[in-house]
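Chemist: Read in order, the letters of the sequence shown correspond to residues 0 to 307 in numbering that gives the first Met the number 0.
These aren't lab readings, by the way, just hints derived from the structure by calculation. Do not take every clue at face value.
Cross-link-like lysine-lysine pairs, in silico, BS3-like; alpha carbons within 27 angstroms at most [unchecked claim]:
#, residue 1, residue 2
1, Lys234, Lys292
2, Lys249, Lys140
3, Lys29, Lys51
4, Lys254, Lys192
5, Lys234, Lys278
6, Lys226, Lys300
What follows is a list of derived Cβ distance ranges for each label pair [stated by the list, open to error]:
#, residue 1, residue 2, range
7, Trp135, Phe288, 42 to 48 angstroms
8, Arg138, Asn261, 34 to 40 angstroms
9, Phe279, Glu198, 34 to 40 angstroms
All values derive from a computational prediction rather than experimental measurement. Just so it is clear, CB atoms sit at the ideal spot from N, CA and C, and this is done for glycine as well.
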Amino acid sequence: MSDLTIFISPKGFEREHIITIQTNAIRSWKALNRGVDIVLIGDDPGVAEAAKSLGVRFVGDVRRNESGTPLLSDIFEIARRTSDAPLLAYVNADIILFPEFVDIAKRIAVSEEKFLLVGQRWDLDQRALIDYSDGWEARLKEDIRTRARRHPIGGSDYFIFPRDCFRSIPDFAIGRSGWDNWMFYEARRQGWKLIDCSEAIDIIHQDHDYAHLPGGQAHYRLPESAKNVELGGGKRTIFNLSDCDFALTKDLELKRRPFSFNRALREIEIFPLIRMNSKFLGNVFFALFHPRKAYRELRAKFGKKGKR
Numbered sequence: 000m001s002d003l004t005i006f007i008s009p010k011g012f013e014r015e016h017i018i019t020i021q022t023n024a025i026r027s028w029k030a031l032n033r034g035v036d037i038v039l040i041g042d043d044p045g046v047a048e049a050a051k052s053l054g055v056r057f058v059g060d061v062r063r064n065e066s067g068t069p070l071l072s073d074i075f076e077i078a079r080r081t082s083d084a085p086l087l088a089y090v091n092a093d094i095i096l097f098p099e100f101v102d103i104a105k106r107i108a109v110s111e112e113k114f115l116l117v118g119q120r121w122d123l124d125q126r127a128l129i130d131y132s133d134g135w136e137a138r139l140k141e142d143i144r145t146r147a148r149r150h151p152i153g154g155s156d157y158f159i160f161p162r163d164c165f166r167s168i169p170d171f172a173i174g175r176s177g178w179d180n181w182m183f184y185e186a187r188r189q190g191w192k193l194i195d196c197s198e199a200i201d202i203i204h205q206d207h208d209y210a211h212l213p214g215g216q217a218h219y220r221l222p223e224s225a226k227n228v229e230l231g232g233g234k235r236t237i238f239n240l241s242d243c244d245f246a247l248t249k250d251l252e253l254k255r256r257p258f259s260f261n262r263a264l265r266e267i268e269i270f271p272l273i274r275m276n277s278k279f280l281g282n283v284f285f286a287l288f289h290p291r292k293a294y295r296e297l298r299a300k301f302g303k304k305g306k307r
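Produce the entire structure from the sequences given, and follow the hints as far as they go.
Modeler: Put into structure tokens, the structure is as follows:
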């Protein structure tokens with residue numbers, strides 16, 4: 000039995016740069032060498048061949064939406080159904096991992112029953128295949144120190160959780176905005192520990208363009224992203240890393256996020272969402288805390304209806 004299954008529905012292995020960064024990412028997962036099972040899901044061009052070449056599992060058949068985009072709900076279900084690992088990890092296909100990724104996940108699982116591990120990334124311009132011979136970890140950590148840029152707080156490029164979590168997920172379109180923020184919200188709503196591992200877990204995101212998306216647009220500008228937000232319950236469920244209630248320090252201590260005035264206000268604001276499961280009161284509290292934003296949203300909403 001594996002300790003952890005990493006799963007993803009990657010982009011097609013067609014463009015040279017995408018082939019390079021996805022190969023770099025998957026080879027780093029293979030190099031973890033800690034009871035890790037890896038599965039690539041989806042029959043986009045070249046994925047089956049890449050899985051065979053890299054020595055990882057492949058499942059081609061996945062449900063898709065009307066635009067042909069794989070559905071996250073089915074991807075999660077396939078990963079759970081085809082794995083016996085106690086821990087699952089969704090990781091974006093351009094993300095380089097280090098061994099602490101698995102070690103920390105297993106460490107948390109010893110003391111916690113249900114949780115979600117997330118964290119910030121380092122952005123790096125990586126154009127060539129990476130040498131994963133002895134010393135690769137130290138070389139890439141040096142790249143982080145000298146060349147990488149810390150990505151702003153927002154979503155997460157990885158999600159580690161026990162296999163019994165996230166058994167019910169809306170039909171989000173993968174590779175579009177909104178669903179990762181919903182994962183934060185759902186963990187808080189369920190009362191699972193939402194743990195920010197940014198200080199303890201380094202991950203590298205390899206820079207890329209958006210040529211693989213319709214019109215070459217960034218994912219957050221696409222209609223499927225708006226649909227994801229709608230499926231997740233609307234804008235109020237767009238949580239981010241600042242909504243984590245716990246953090247893992249560099250010394251691997253799991254601590255509740257320290258009290259601050261702004262944090263207290265935020266917890267009051269989201270109380271109806273995560274404790275009362277009330278979207279209506281969530282909107283009311285949002286309007287109380289952010290009257291100008293609420294007013295602008297209301298004007299935009301009724302403005303669109305008027306045009307129709």
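Chemist: Could you run down the list of hints and mark each one as holding or not?
Modeler: Status of each hint after checking the structure:
{"no.": "1", "hint": "Lys234 - Lys292", "in the structure": "holds, 12 angstroms"}
{"no.": "2", "hint": "Lys249 - Lys140", "in the structure": "holds, 15 angstroms"}
{"no.": "3", "hint": "Lys29 - Lys51", "in the structure": "holds, 13 angstroms"}
{"no.": "4", "hint": "Lys254 - Lys192", "in the structure": "holds, 11 angstroms"}
{"no.": "5", "hint": "Lys234 - Lys278", "in the structure": "holds, 10 angstroms"}
{"no.": "6", "hint": "Lys226 - Lys300", "in the structure": "holds, 15 angstroms"}
{"no.": "7", "hint": "Trp135 - Phe288: 42 to 48 angstroms", "in the structure": "holds, 47 angstroms"}
{"no.": "8", "hint": "Arg138 - Asn261: 34 to 40 angstroms", "in the structure": "holds, 39 angstroms"}
{"no.": "9", "hint": "Phe279 - Glu198: 34 to 40 angstroms", "in the structure": "holds, 37 angstroms"}
Against the hints set out earlier in the document, no violation occurs for any number.
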